[in-house]
Structures are given as C-alpha cells and as structure tokens.
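Q: Starting from the structure of chain R, add chain W where the hints point.
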Amino acid sequence: QQQVKQSPQSLIVQKGGISIINCAYENTAFDYFPWYQQFPGKGPALLIAIRPDVSEKKEGRFTISFNKSAKQFSLHIMDSQPGDSATYFCAASMLGFNKFYFGSGTKLNVKP
Amino acid sequence: NAGVMQNPRHLVRRRGQEARLRCSPMKGHSHVYWYRQLPEEGLKFMVYLQKENIIDESGMPKERFSAEFPKEGPSILRIQQVVRGDSAAYFCASSPGQASSYEQYFGPGTRLTVT
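Residue numbers (the working numbering), protein chains in the order written: chain R, 1 to 112; chain W, 1 to 115.
It is worth saying that the hints were derived from the structure and are not from the lab.
Keep in mind that a hint or two might mislead.
[As the list claims (entries may be wrong)] Cβ pair distances, simulated, as ranges:
# : chain 1 : residue 1 : chain 2 : residue 2 : range
1 : W       : Glu63     : R       : Gln3      : 21 to 29 Å
2 : W       : Ile54     : R       : Ile18     : 42 to 50 Å
3 : R       : Lys71     : W       : Gln81     : 35 to 43 Å
4 : R       : Phe39     : W       : Gln81     : 31 to 39 Å
5 : W       : Glu68     : R       : Gln3      : 36 to 44 Å
6 : R       : Val54     : W       : Gly73     : 36 to 44 Å
7 : W       : Glu63     : R       : His76     : 38 to 46 Å
8 : W       : Glu18     : R       : Gln3      : 28 to 36 Å
9 : W       : Pro96     : R       : Lys57     : 18 to 26 Å
[Stated by the list, open to error] A short list of chain W residues far from chain R (calculated; beta carbon distances all over 12 Å):
#  : residue
10 : Val12
11 : Arg14
12 : Gln17
13 : Gly28
14 : Glu63
15 : Pro70
16 : Gln81
17 : Arg84
These figures come from a predicted structure and were not determined experimentally.
Just so it is clear, CB atoms sit at the ideal spot from N, CA and C, and this is done for glycine as well.
Next up, chain R with everything else stripped away, as it sits in the complex (with noise of 0.2 Å):
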C-alpha cells in the first residue's frame, strides 16, 4: 500500500514558467509534510516543509500550498531555472514515528 502517492512522474518546463508537482495521502495521522531536491548521484536534501496547520508556505521561489480536507499538498517553484532540474520527492511524516513516506519522484527538466 502506497502512503504518498506523488505526479507527475516527469515534468517540462521552460526557463521562468511554474513548476507544479502534487502529492495525496491517505493517513490522516500524518502531520509533516517535507518536499526534497535530489540532484543525480546526490542524496536527498530538504527544500521546504509544511506542518498541517498552515495552508501555504513559501520560502523564495518555493511553495508549498497544503489542502488538508483533500488530502492533497503540492509543490509550486515560480520563475523556474535550469539549476532546478532535479528530481523531487514529496514526503509524510507523524510525530512519534519519525520514519518518512516518500512519494515516487518527480523527474523534472528546465529547459533553456
């Protein structure tokens, strides 16, 4: 049973469009939501994170809109740039249990 389910699975965008990548959960337990950035060969590094209290969070380029009633939360990167290329992972998390969920990745390319 998958606990994150994350799409799309790849993504194009040109330089300075928005980047949208979505993620849904089913365990309404879960209360930590992190997106990470994985670039090849590299492991995963934290880009930003949302606990469900909030509805949004946007740290620069980068926000996180989250929908609790929907189960849904997702990533937006404004001005997208080719340094941007990367695969990106959604991730669920519940307090006292500490191990994450990843959703599968997305595969995206900022094109030039």
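A: Coordinates of chain W only, in the frame set by chain R:
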C-alpha cells in the same frame, strides 16, 4: 559543520558476499535512519536506530539484513549473502532526536552493485 557522512560511496560485491555500509550522523544527532532507493523509485524506509537501540525495523527484510548503531562509532547496515536484487542506493539520514523535531538530513548515499 559536517553533514551526514556515508562510506563507501560505491561498493561492488559478488553474489554471496557481505556488504557493510557505514553512516556517521551529523554532530549532535543521536537518531539514524536507513532508506533504500531502487533505480527510478522513491526512498523506502528500512530501519530507525538510536544509540545502542533499534527503534523501528519494520522496513527491513527479515533475512540477511541487520543494522546497528553502537555507543561509539558509526551506524552500520550489514547485508549478508548479497543477491542481485540488493543492488540499490542506500541512504542514511540523521535527526537531533528531539520530540519536536521532524527534520531528517540525508547523506550522499552508498551505491551498491551486486555482480
């Protein structure tokens, strides 16, 4: 401030050999997690350890896999009698361990190839 360290970065083993993967958490972090990533897939949780204790091993295969985090030294993920299906990237993450902290910081991974 050094991040999470993993070694070796690449490991090649023949079928039937043993693989030992090492992870040194970030300074001040007392909790370690191991994840496995198959090609073109997301990370799958394997095991969560604190110093000298296994807290959650629900993601560990029942046979051939073991993990430890001794009082001194790095955490070790050990795979005995490796098979081709064990070929994957193995990532270690660490966290401070405070009840209010969810963040996990990942190392660069060990890429295991079984020939």
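Q: Does each hint hold? Answer for all of them.
A: Evaluation of the provided hints:
Distance hint check for Glu63/W and Gln3/R: the Cβ-Cβ separation is about 25 Å, which falls inside the suggested range of 21 to 29 Å. For the hinted restraint 42 to 50 Å between Ile54/W and Ile18/R, the CB-CB distance of approximately 43 Å keeps it satisfied. A hinted range of 35 to 43 Å holds for the C-beta pair Lys71/R and Gln81/W, which are about 41 Å apart. Checked against the hint of 31 to 39 Å, the pair Phe39/R and Gln81/W passes, with Cβ atoms roughly 33 Å apart.
The hinted range of 36 to 44 Å is not satisfied by Glu68/W and Gln3/R, whose Cβ atoms lie roughly 27 Å apart. For Val54/R and Gly73/W, the hinted distance range of 36 to 44 Å is satisfied, since their beta carbons lie about 40 Å from each other. Take Glu63/W and His76/R: their Cβ atoms lie about 44 Å apart, and the range 38 to 46 Å holds. The hint said 28 to 36 Å for the Cβ distance between Glu18/W and Gln3/R, and at roughly 32 Å that hint holds.
Take Pro96/W and Lys57/R: their Cβ atoms lie about 21 Å apart, and the range 18 to 26 Å holds. In this structure Val12/W is separated from chain R by more than 12 Å, as the shortest Cβ-Cβ distance comes to about 16 Å. For Arg14/W, the non-interface assignment is confirmed: its Cβ lies about 23 Å from the closest Cβ of chain R, beyond the 12 Å cut-off. Here Gln17/W stays apart from chain R, with its beta-carbon at least about 24 Å from theirs, past the 12 Å limit.
Look at Gly28/W: its CB is around 17 Å from the nearest CB on chain R, clear of 12 Å, so calling it non-interface holds up. Interface exclusion of Glu63/W from chain R stands, the closest Cβ pair being 21 Å apart, more than 12 Å. Remark: the non-interface label on Pro70/W is consistent with the geometry, its nearest Cβ contact in chain R lying 20 Å away (cut-off 12 Å). For Gln81/W, the non-interface assignment is confirmed: its Cβ lies about 26 Å from the closest Cβ of chain R, beyond the 12 Å cut-off.
Chain R leaves Arg84/W outside its interface by the beta-carbon criterion, the shortest separation being 21 Å against a cut-off of 12 Å.
The earlier numbered hint that this structure contradicts is number 5, and it is the only one.
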